[in-house]
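K.L.:
Residue numbers (full-length UniProt numbering), protein chains in the order written: chain A, 1 to 331; chain B, 1 to 331; chain C, 1 to 331; chain D, 1 to 331.
Hints may contain errors.
Since the list gives no way to pick one copy over another, a pair counts as held whenever it fits inside one copy or between any two copies.
30 Å max Cα-Cα, derived DSBU-like pairs, lysine-lysine [as the list claims (entries may be wrong)]:
1) Lys162 with Lys27
2) Lys162 with Lys93
3) Lys14 with Lys25
4) Lys27 with Lys14
5) Lys27 with Lys300
6) Lys25 with Lys104
7) Lys14 with Lys162
8) Lys25 with Lys162
9) Lys93 with Lys27
10) Lys162 with Lys300
Hints in this document: simulated from the structure, not taken from any laboratory.
Single-letter residue listing:
There are 4 protein chains.
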Amino acid sequence: MVRIAVLGAGRIGKIHAASVAANPKAKLVAVADPFGDAVRTVAEAHGADAMTDAMEAIARPDVDAVVIGTPTDTHVGLMTRAVELGKAVLCEKPIDLDIAESEKAAANVERLGGKVMLAFNRRFDTTFAEIRRSIDAGRIGEVRQVVISSRDPGMPPAAYVKSSGGIFRDMTIHDLDMARWLLGEEPVLVSAIGSRLVDAPLLEQYDDYDTVMVTLQTASGKQAVINNCREAVYGYDQRVEVLGSTGLLTHDNLRPTTMRLTTAEMTDAQEPLLNFFLERYAQAYRAEMNAFVDAIADGKPMPTTVRDGVLALRLAECAVESVRTGRAVTV
Amino acid sequence: MVRIAVLGAGRIGKIHAASVAANPKAKLVAVADPFGDAVRTVAEAHGADAMTDAMEAIARPDVDAVVIGTPTDTHVGLMTRAVELGKAVLCEKPIDLDIAESEKAAANVERLGGKVMLAFNRRFDTTFAEIRRSIDAGRIGEVRQVVISSRDPGMPPAAYVKSSGGIFRDMTIHDLDMARWLLGEEPVLVSAIGSRLVDAPLLEQYDDYDTVMVTLQTASGKQAVINNCREAVYGYDQRVEVLGSTGLLTHDNLRPTTMRLTTAEMTDAQEPLLNFFLERYAQAYRAEMNAFVDAIADGKPMPTTVRDGVLALRLAECAVESVRTGRAVTV
Amino acid sequence: MVRIAVLGAGRIGKIHAASVAANPKAKLVAVADPFGDAVRTVAEAHGADAMTDAMEAIARPDVDAVVIGTPTDTHVGLMTRAVELGKAVLCEKPIDLDIAESEKAAANVERLGGKVMLAFNRRFDTTFAEIRRSIDAGRIGEVRQVVISSRDPGMPPAAYVKSSGGIFRDMTIHDLDMARWLLGEEPVLVSAIGSRLVDAPLLEQYDDYDTVMVTLQTASGKQAVINNCREAVYGYDQRVEVLGSTGLLTHDNLRPTTMRLTTAEMTDAQEPLLNFFLERYAQAYRAEMNAFVDAIADGKPMPTTVRDGVLALRLAECAVESVRTGRAVTV
Amino acid sequence: MVRIAVLGAGRIGKIHAASVAANPKAKLVAVADPFGDAVRTVAEAHGADAMTDAMEAIARPDVDAVVIGTPTDTHVGLMTRAVELGKAVLCEKPIDLDIAESEKAAANVERLGGKVMLAFNRRFDTTFAEIRRSIDAGRIGEVRQVVISSRDPGMPPAAYVKSSGGIFRDMTIHDLDMARWLLGEEPVLVSAIGSRLVDAPLLEQYDDYDTVMVTLQTASGKQAVINNCREAVYGYDQRVEVLGSTGLLTHDNLRPTTMRLTTAEMTDAQEPLLNFFLERYAQAYRAEMNAFVDAIADGKPMPTTVRDGVLALRLAECAVESVRTGRAVTV
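If we strip away everything but chain A, and leave its shape as in the complex, we get:
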């Protein structure tokens, strides 16, 4: 039985707490969050202790592992402390908005031999995982091009934009990880363009963008392109396409049902997409937690690492620089 404390009782903390509670090999020992009401609700729902101090939760002798779902600027401190105490860590991305801080933290974790998994949840989605498996099984030969479409249903609130670190570090980073994972090689060249087409006044204020495209190229020439938009009125659009030397892998977005409506005006119209990440990746969050628990229980390597977090963030930094300089940036 892996005994786990979840740090943070916000939107993502709640998801993780429920996933731990539902995992037969894990036990949710505690939930920690300075907001007393929130933490009590989550903890009570699963019969766990409610705590206000995350560091105390980490230090508990009856805690084997922690899940970090707190604000980004606390990630490095909590992760480092947990690793020092020999606790396994599942940490939400990004490690830190600052690449140097992230690099330092990752180096520290690696020096200490810490077991840290970065929460790139999409890798655990059944469809994305099946695509990766199909590539591994040789069903499309050598990968040549990866095309990623990733669009949010709508602009986040201004306050979120302000503290997000910008679209590349906040949103594109998931796709950069997906690109690395599907390419199977590290990108060495990054080009990006950025536009303000949804809410120009807001994004100018923060020197940010709402609509971006990033191209990536590996040393052997494999290519990927990511297209992001902060607003897709039709829902949370999450698609990848992988062109290989002997085939192509694609997939459909998810909808609540598979119903299709045909009328005099249109045929086979499907329902709107599952609207945002909590719905779209509900299965992936559970599978991610199960993979974390399994890695601990079986003493196996973490399926994603703190290094993955650094590498994705570095690609995001390159994209930022590419937009600023108008140059393809060498990683």
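Keeping the supplied structure of chain A fixed, place chains B, C and D upon it in accordance with the hints.
P.N.:
The following block gives chains B, C and D in isolation, referenced to the frame of chain A:
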């Protein structure tokens, strides 16, 4: 060069005349129709002679074959005369609304060794033909069930309903032929139900139906079901599905383009269907004519025969009787 | 909190026990099954009491409701006892293989005002439920035709066939319920054909069929057709199509992922279907239990009733008779 | 009646000759090609004069318009001569492999008020045209992102690669025109990456690429990305996707039929794609010719212009430079 006269300059006659004109192995010699204006327009468009008397057209020494697209009650007379004169015939279905007359005409054609092809155009549609070929190629093993959905975009005019011979002889007959063709065996048992859901007052007047279902069973137990409706607001719905012992064959309806529209209300909505038979089966009509010309030019058997016309009509008769008696009718 | 005992610890009992345990408004008090090992495993997994006597479980004062997942020939006895003791019941279909017994049991339940829900799980599938809701919302106008394709992935074992009551009472009954539900009216005329195409020797032995078609007609003329086969090599095929006066509703089967593979031989090939009812209807079983618990907790009518069970079985009887007599049978 | 001479009797010349012959408002007067056998075959098939000298064909007084389907290095000379003689021109792309020459030729045409249409055939494909119309009709609001996937079924012969002008000028140019057309604004920034993943030895020899991606940005920030590969084993892949402020437009590739095969291994597998441009764009070539003839007959502006050819070629030049310099290039 096969020299052809097209009898009838109405909707279907025009189609056939254009198909003959476009076939490099055929020559459109004449078009015959009592309506002088109509026939002149069609004939002139293709540089053929316009005639008002179909029998005269048949008798021309420079005519090798005739296409009968005249009113149903003239089919038997024209076909018989053409066969007597040794001309090949492509005849629109049905042979006659009366099964005894049809049987007699067919027996006569067979006795004389006449080359008569019945115009079951759907067999020449690329998709339906590919399904038949795929069955022949063993891609789904032994056929077990055939499901046919065939719906018109809207009720025909009252005058048409009056002289149509009823939905089973006029509309279902195409599907009965398709069922025979896809089953690969003759049905021996026919059950049918009929309803008046679209225009009850009109159909009661003619003891006819607008919505019907027919089930068929062959001696070895293979099954087919046909569902028809005279009105599908979304267009001309033409689908078959074949369940075999090792697989399933289905297909999509056709639309003018493959565009899909996604909005806040719906995703991947496709365009309305090609609206009626002239559009939906444009390719099939040409391929049907090409098959007719090829059979003549190469001295090969007709791809469909007058017997096919009789057998489909007999199944339609059985369906009529089944609705009337509430019994499954043995063919 | 609704306190529930699950009767039967077999395949379906396990599903129901887990659904009760996962429902926050319900408590799994006991699981009863004469097979001691099976019942202990299920009970322990959810912290419930393991019992060997179902009647004792029903009688427990700390049990408000029972779920009957025992062999068919015990359904009536358990249901009747539970109703007499004022317990709510969720009963697997069929009530009994004998229509007279079923009718008697239903009449008794109704006389006593018992709260009995028949487990027609498909009504709780999100897609089928959305289709029903869309009809209710007027999205396709008046229903005209319902086409149901329902095929099992493979023949059940001979022992199952022997005691199943025949394909119409065992397999088609689900589709007959679905047809009633989607038609929104009671069928008054039933025609059926039956074939032995998968395993003729076995089915002849039990005077049963493996491939059947049933057509239904309501008093107002609405039509439905069901096509069943005991073997579809491509998996558990579960589709309905509803033609209305202003539109059409269809849907896709479910697969483990939405991945599509394109190679030199084929394009956009999807994965095999979810293979059988436990996988395909996993969500429906949970939703069914939630609906049962909600109806009890809120004192509302059961979403399906013992009468639904009788009516579906009666349609199955008519189908059996129709195959035997070659007549359309009036319900 | 528009009297037309087709210059060039190769693959594309044959297509154009047949399109002219099939157009009721046009007359194919002559076909010109130095290869006597080829030109005789084409000319005879349509009852036109066979000529060996294109300049002579242009000069014929019974020729109103010419279609230039000759080798690229003859385009400017023929086009210029035709315009000087007041003949309308439909010219295959590119105008010339050299941007300066193209610019000069275009300026000359514009100075003389010549009627020149550049053969960007894809704009006349029914699906692409419907997408453009849907954008114009406001069905997706303001365009934000265009994603173009355009992949050939296989590498062209080495001789073709040698004289093609490189992938950007030869293949991507079609997509660059499509991007301009769908964006509805001129791109001002071009970034590109190029790889050699299919046949590196061959392409290194000519300093060319087989796998490329190009991103484009307009002054208002609209974005497009093109991904090309010279080899897609699954056929000729031709897709666009347009994200707008209120919706999304996508479409399917075309196949010979709409048949779908389901087996124990896969479900709903579709047929391979129409394999290359002659099949895929058969309808578009005819519609292109019809648009050309209509523009002449009705005295209306050409639907595409020589300027479109220059602008697409300029974007291709920018892409070449971007790959070489690793910079986003300002147009």
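K.L.:
Quick one: Lys162 to Lys300, C-alpha cut-off 30 Å, is that within a copy, between copies, both, or neither?
P.N.:
neither (39 Å within a copy, 49 Å between copies)
K.L.:
Checking an output row: Lys27 and Lys14, CA cutoff 30 Å. Within, between, both or neither?
P.N.:
Answer is both: 15 Å inside a copy and 23 Å across each meet the 30 Å cutoff.
K.L.:
Given a CA cutoff of 30 Å, do Lys25 and Lys162 count as a within-copy pair, a between-copy pair, both, or neither?
P.N.:
neither (39 Å within a copy, 41 Å between copies)
K.L.:
How would you classify Lys162 and Lys27 at a CA-CA limit of 30 Å: within, between, both, or neither?
P.N.:
neither (36 Å within a copy, 46 Å between copies)
K.L.:
Between copies, within a copy, both or neither: which fits Lys27 and Lys300 at Cα up to 30 Å?
P.N.:
Within one copy only: 19 Å inside a chain, 37 Å across chains, cut-off 30 Å.
K.L.:
Have a look at Lys162 and Lys93 and pick one of within, between, both or neither, based on CA distance no larger than 30 Å.
P.N.:
within (17 Å within a copy, 48 Å between copies)
K.L.:
From the Cα coordinates, with 30 Å as the cut-off, is the pair Lys25 and Lys104 best called within, between, both, or neither?
P.N.:
The answer is neither: 33 Å in one copy and 48 Å across copies each exceed 30 Å.
K.L.:
Could you figure out if Lys14 and Lys25 sit no more than 30 Å apart (CA to CA) within one copy, between two copies, both or neither?
P.N.:
both (19 Å within a copy, 20 Å between copies)
K.L.:
At 30 Å max between alpha carbons, let me know whether Lys14 reaches Lys162 within a copy, between copies, both or neither.
P.N.:
Result: close within a single copy only, 24 Å intra versus 50 Å inter.
K.L.:
What label fits Lys93 with Lys27 when the C-alpha limit is 30 Å: within, between, both, or neither?
P.N.:
within (23 Å within a copy, 38 Å between copies)
Hints 1, 6, 8 and 10, counting from the list given before, are not met by this structure.
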